[in-house]
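Q: Start from chain C and add chain E according to the hints.
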Amino acid sequence: MNAIILTAIWGIVMMFGGVFFKSKSTPKYWAIAGLVLVFLSNGYELLNGVPFFEIDVKNMLHFNSFNLTFIAVALFCTLLFFLLNGRDIEKVGENVSEYFALLFFVLCGVAIAASFNSLLTLFLGIEILSIPLYILTGSDKRNLKSNEAALKYFLMGSFSTGIMLMGIAFIYGGNSNGSFLIDNINLGEGVMPPMIAVGLVFLLIAMSFKVSAAPFHFWTPDVYDGAPTVFTSFMATIVKAAGFIAFIRLFDNAFGKTQAQWQTLIVVITAATLLIGNLTAVFQQSVKRMLAYSSIAQAGFMLLAIFALNDYAKEGLILYTAAYSLATIGIFAILIKMSDYTIDGFNGLAKQYPAIAVCATVFLLSLTGIPLTAGFQSKFYMLLAAIKNGQQNWLVIFAVLMAAVSAYYYFKIIQAMFFKEDNQQAGAPAIMVEKLTPAFTYLLYFTALLIVVLGLFPNLLTTWLYY
Amino acid sequence: MFGNYITIPHLLIFVPLIAGLIAFLIKDESKVKAWSLFAAIVTLGVSVAGIYFSKNNDLSGLTFGYEWLKYLGASFAVSLDGVGRILTLLTGLSFPIIFIATNNSSYKNPHLFYGLMLLSLAGLMGVFVATDCLLFYFFWELALIPVYFLCSRWGGEKRIQATFKFFIYTFAGSLLMLIGIIYTYLQTGPTAFAPHSFALSAFQNVLLQPAQQQWLFWLFFVAFAIKMPIFPFHTWQPDTYEQSPTAVTMVLSGIMVKMGLFGVIRWLLPIFPAAVLQYDNIVIGLCVIGIIYASLIAIRQDDLKRLVAYSSIAHIGLMCASLFSAKQLAIEGVMIQMFNHGINIIGLWIVIELIERQLGIRKISQLGGIANKAPILTISLVVIALANIALPLTNSFIGEFLMFAGLYQFNVWYTVVAGISIILAAIYTLNMVQKVFYGEVNTLTVATQEIAFSEKAILAVIIVAIFLVGLFPQPLLQLTNESVAFLLTKLK
Numbered sequence: 001m002n003a004i005i006l007t008a009i010w011g012i013v014m015m016f017g018g019v020f021f022k023s024k025s026t027p028k029y030w031a032i033a034g035l036v037l038v039f040l041s042n043g044y045e046l047l048n049g050v051p052f053f054e055i056d057v058k059n060m061l062h063f064n065s066f067n068l069t070f071i072a073v074a075l076f077c078t079l080l081f082f083l084l085n086g087r088d089i090e091k092v093g094e095n096v097s098e099y100f101a102l103l104f105f106v107l108c109g110v111a112i113a114a115s116f117n118s119l120l121t122l123f124l125g126i127e128i129l130s131i132p133l134y135i136l137t138g139s140d141k142r143n144l145k146s147n148e149a150a151l152k153y154f155l156m157g158s159f160s161t162g163i164m165l166m167g168i169a170f171i172y173g174g175n176s177n178g179s180f181l182i183d184n185i186n187l188g189e190g191v192m193p194p195m196i197a198v199g200l201v202f203l204l205i206a207m208s209f210k211v212s213a214a215p216f217h218f219w220t221p222d223v224y225d226g227a228p229t230v231f232t233s234f235m236a237t238i239v240k241a242a243g244f245i246a247f248i249r250l251f252d253n254a255f256g257k258t259q260a261q262w263q264t265l266i267v268v269i270t271a272a273t274l275l276i277g278n279l280t281a282v283f284q285q286s287v288k289r290m291l292a293y294s295s296i297a298q299a300g301f302m303l304l305a306i307f308a309l310n311d312y313a314k315e316g317l318i319l320y321t322a323a324y325s326l327a328t329i330g331i332f333a334i335l336i337k338m339s340d341y342t343i344d345g346f347n348g349l350a351k352q353y354p355a356i357a358v359c360a361t362v363f364l365l366s367l368t369g370i371p372l373t374a375g376f377q378s379k380f381y382m383l384l385a386a387i388k389n390g391q392q393n394w395l396v397i398f399a400v401l402m403a404a405v406s407a408y409y410y411f412k413i414i415q416a417m418f419f420k421e422d423n424q425q426a427g428a429p430a431i432m433v434e435k436l437t438p439a440f441t442y443l444l445y446f447t448a449l450l451i452v453v454l455g456l457f458p459n460l461l462t463t464w465l466y467y
Numbered sequence: 001m002f003g004n005y006i007t008i009p010h011l012l013i014f015v016p017l018i019a020g021l022i023a024f025l026i027k028d029e030s031k032v033k034a035w036s037l038f039a040a041i042v043t044l045g046v047s048v049a050g051i052y053f054s055k056n057n058d059l060s061g062l063t064f065g066y067e068w069l070k071y072l073g074a075s076f077a078v079s080l081d082g083v084g085r086i087l088t089l090l091t092g093l094s095f096p097i098i099f100i101a102t103n104n105s106s107y108k109n110p111h112l113f114y115g116l117m118l119l120s121l122a123g124l125m126g127v128f129v130a131t132d133c134l135l136f137y138f139f140w141e142l143a144l145i146p147v148y149f150l151c152s153r154w155g156g157e158k159r160i161q162a163t164f165k166f167f168i169y170t171f172a173g174s175l176l177m178l179i180g181i182i183y184t185y186l187q188t189g190p191t192a193f194a195p196h197s198f199a200l201s202a203f204q205n206v207l208l209q210p211a212q213q214q215w216l217f218w219l220f221f222v223a224f225a226i227k228m229p230i231f232p233f234h235t236w237q238p239d240t241y242e243q244s245p246t247a248v249t250m251v252l253s254g255i256m257v258k259m260g261l262f263g264v265i266r267w268l269l270p271i272f273p274a275a276v277l278q279y280d281n282i283v284i285g286l287c288v289i290g291i292i293y294a295s296l297i298a299i300r301q302d303d304l305k306r307l308v309a310y311s312s313i314a315h316i317g318l319m320c321a322s323l324f325s326a327k328q329l330a331i332e333g334v335m336i337q338m339f340n341h342g343i344n345i346i347g348l349w350i351v352i353e354l355i356e357r358q359l360g361i362r363k364i365s366q367l368g369g370i371a372n373k374a375p376i377l378t379i380s381l382v383v384i385a386l387a388n389i390a391l392p393l394t395n396s397f398i399g400e401f402l403m404f405a406g407l408y409q410f411n412v413w414y415t416v417v418a419g420i421s422i423i424l425a426a427i428y429t430l431n432m433v434q435k436v437f438y439g440e441v442n443t444l445t446v447a448t449q450e451i452a453f454s455e456k457a458i459l460a461v462i463i464v465a466i467f468l469v470g471l472f473p474q475p476l477l478q479l480t481n482e483s484v485a486f487l488l489t490k491l492k
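Chains C and E, in that order, are what the protein sequence lines are.
Numbering follows my numbering, in which position 235 of the first sequence is assigned residue number 235; successive positions increment by one, without gaps.
Numbering follows my numbering, in which position 432 of the second sequence is assigned residue number 432; successive positions increment by one, without gaps.
Derived from the structure by calculation, the hints contain no laboratory data.
Positions of the beta carbon are idealized from the N, C-alpha and C atoms, including for glycine.
Just so you know, not all the hints are guaranteed correct.
Unchecked claim - Covered stretches of chain C (chain E as the covering partner; in silico rule of three or more C-beta atoms under 8 Å from a C-beta of chain E):
| id | segment |
| --- | --- |
| 1 | 88 to 99 |
| 2 | 377 to 384 |
| 3 | 407 to 413 |
Chain E on its own, in the form it takes in the complex:
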């Protein structure tokens, strides 16, 4: 596309970046909303085009590196591989959904809000397409800054402390990863201009002794584990999700947590295979503890947002455990589940947002009987909730089935313990559905009204996506075939 100079990955970064900068100048609320929605849809179009072009096996058009820091061996190299495609598609799809779903929320200084949202979109896209480690690190940090400002400015009552905790946590993790990056960089071979190289290929081919891999592994893993988050690095997450404005919570939980998984897939597994095979039991152990721990806490939550936050920790934990099992089925499951989890959790947040906007509360104990007042909202929620507990026909079933099957090949006991989480998920999800939507209408929920058309439409999109992937998962699975095969050769 457009010769060799501007490729699809470039567009994925620069369209939202430039649109975001323009959005800062549009002071009018409805105009800036329309503009950001337009930009997000264009970005979605570009990410779909990325998949379309890659189907022709024409990868040459999707890779291009500009010189950046020539004598350090860093370049502005971006590319789309299988896992990149699936995550850019998820990101591209999520933002229009988020913008439409929150269209009726009004924010103070909307131009700043939407500008920052688009900048975070650019940062996220950058993370998923960068094939230069220094560039990856740039985007990794830059995606955080707009989110920090979004949460601290437009969030709930305790937003400043909660977001700050989040920021310090991730910043510390990132810096540890930076040490790992530099150390690995110094082990890479020379290029034409530089003694070492930051290129992905150089990193993947670097020869590291097992002793070096052992501590480098942890430097990288901590950064990714904080982002995901994996027990015991998860403490920032419920607070941040609860305090953030819902649009940002959707970005955080739907897409940003995937940065951690993506980091593991793109950087951790291929570069430190020996350490991965050595520490797989520890990591999977932590994940399984986290799964059970988060599920149990989710059962006790009274706040809808916190419930979904803990449920997300459990789901992400399962994905991380599956990655480290290094089994083909499990990794295939993770690839598709990353997409599904993003769609489902954004759906859940939309429902919560709709309830909270109407009633101003999100305590499960105070709600009840919404089904009588808003049947369509209820039906949507039930479908999304069923997807959340991975019932057959829904998208999560495919992913979780593959993941459990792969994990089973790795170790039966982990699978058994992690499998309990399916039951726990059913308990907290159905309990929530029951208490919030059924039962008696009380004085607080009596004012509930049916949702507007645009909201119905957006929930319909999510439900269609849930069933579509649930019934025809093959196209999505094919998208990541090469990535899975590549990982497996590295982890032999």
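One chain only, chain C, in its complex shape:
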């Protein structure tokens, strides 16, 4: 509750603050201060179970350690994102304060989507997090690609929202309780009535769209590629993670008991997402676009949690969102500083910036899922959950083969950094567009260290679920 209210308030503060902030760098500090405040208050709620604000939400929002832990992860990753990329947000355009305001509104949506207990609040949460993103995608106003991406995102997004509303309507009409509350929709194990089944499929499509699962992923590469890189980083991590949390909560709480009836659909979507994401990523030359496809591929792995729907799945999903967000934010933070976004642009990075290259390697190894990184633990949990589920073991084998494929494109960057020579012709642009500040470098170390620590002791995070 704290997170929802405070992010909304702080979003408004940032919005009006834009009038008063004299310097371009002021909003960043306000945003960071606000985010720390939100993070701490959310932590207080997680520890004590009592929010600062006693509001009767008529059971439409539900807070438990799972939601609050995820919100804490999301807030923490955003904080890291602000700290690493604050200067880059300033470079996107003139309205810096508004960008931060919009990011806070997205966070508000993230918190609602993570803690909904009614289809209406789910819809509200998803919309509150989507609409500011449409604007942020198009925030590079003079760039045609950015405009195109924003329009595309908006059109596709509203289309999927329509489908979601339709699904909600079907489910509302189909159950005799006349209620939007998740608890009332939960039908028990019988065969689903046709109206509910149709509603479920529509909701599945809409959620798949939000988490960019195949075959509803087509918007992702273009939008991620077209949006200013800072915001791609945010979109591909925290927002996608929130989508997954909403996804698993919806399907676990509302439709968990009828899982056998819809599991096949998830299997098809998961397999397709893994296949398309990984195979397409192999052929990308631009790292930014490759990371867009890699985010689809990672979504395929996260879908295993929706497929499995057990305790391991929930623990694992939190861990996965944290591991994936940390690594992706880290690699994007480095990418933003590069002058050339192609894989060749990374050539010889290790020679000039050895420490940065080592950090990037940790991020990439984590995305690949090599032990000693958080990425391994999260993939391990996903596999554990899926095998525990016991159905369709071929899907698990398919998933790990695709993980082996993913090593191919992640390691291409490692190869470029360490084993290839940089362009030494006179007049060739420098690898990095600007000098890296010590603070930035130390934050990258910190992120890499965090990934390794989580890779050794994932229980540091998962114990919060049982707090």
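A: Just chain E now, kept in the frame of chain C:
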């Protein structure tokens, strides 16, 4: 040792690990070389101590588990059993030899090179001492990462592609094994804190239906088969051996391939005995095909490194076939042959390295007449080559004799076909000796000089080891008695 908290297996992992991390900071080439050699010798000392302590049957001092992921049932459990002892000894012995033998090679960024070498040593030791399956998997993958960087950074011309192929192959195999591990884990019984357990004992006592064992067996086997490598999973191996810097090739061929055999001994045979007995013919069949196939290709090789690589495939194939025959003699043979193969092949690589460093070539057709110029090098090579074809008095004879004897008990025909490889091995090895070392000195080899003292000394160590094991194999055989007996009870 040091109470219950730090035992010998811990030291085996942490001494090279910490030394490796320190090595990254030593920028001076000669200092970092001395430091790594020192660390490797200390590790050797620890592994010898492991054998010494285990002789008193005081296993309590060699086993200790820290809690790691309590609610998953994984612990940092390490221990030294018979097969672990022999392989940690081999690993401990190999690294000082490798460091001394390649002391005269100079690498760009030596601190990174030696740091990564020591990290791979730590990873290998971890594989051999882990008695927790998740921990084993951690080390299994981690041993690969430093080697990947070593090969790709300091290797030959086509190093990036070759190493990458190697990496993807083994990574895919490992992930399949991970599925097998998780599935088996979910069948284990509850412990005090966790619903299931990753402990070795839990895995060995897990009750699996034959139908479950059948597909789990293949998930594990593919991972191990790629590492060994067994035909048809061997295609990464010659390229990688050829392209890697020689020091790394020694690690790969001398020790890393033993990871596959070790995996079979430690994890595959005891956990899936029913499937092993069911599929033994298929596996041994693949091994025998591989033995003949690799031997025939070895005859046609012109590159010394590729020749040794293919010869290694044949030797490993024989060891794997013997393991799956599940006969006492054969398994005893494998235990001792794992050690011998490591020593012999490292010896061969050292000779090749010495030739290549002096002359810059390793094509058999271009070499010749080295015997006139470097007699001691030649004598060393001849001894190692004879050990490679398992002549009596050399160490390999004991191992191969036991393996063939055991395999014979299993099936005569496999033995007959695999036995052809002895002749083929003689053909390619002696042919190589003849063409490279005898004959006329040509313009390329005229500059050959006799090797330096440190190199002579290291070759002498290897030759002594060859004869010592060849004449007195009993101590090594005794080391693994319990392991062999345990495997046989499981495979009844």
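Q: Would you mind marking each hint as holding or not holding in the structure?
A: To see whether the hints hold, each was checked on the structure:
By the rule of at least three residues with a Cβ nearer than 8 Å to a Cβ of chain E, the coverage given for the segment 88 to 99 of chain C is violated, with 0 such residues. With 3 residues bearing a CB less than 8 Å from a CB of chain E, the segment 377 to 384 of chain C meets the requirement of three and the coverage assertion stands. By the rule of at least three residues with a Cβ nearer than 8 Å to a Cβ of chain E, the coverage given for the segment 407 to 413 of chain C holds, with 3 such residues.
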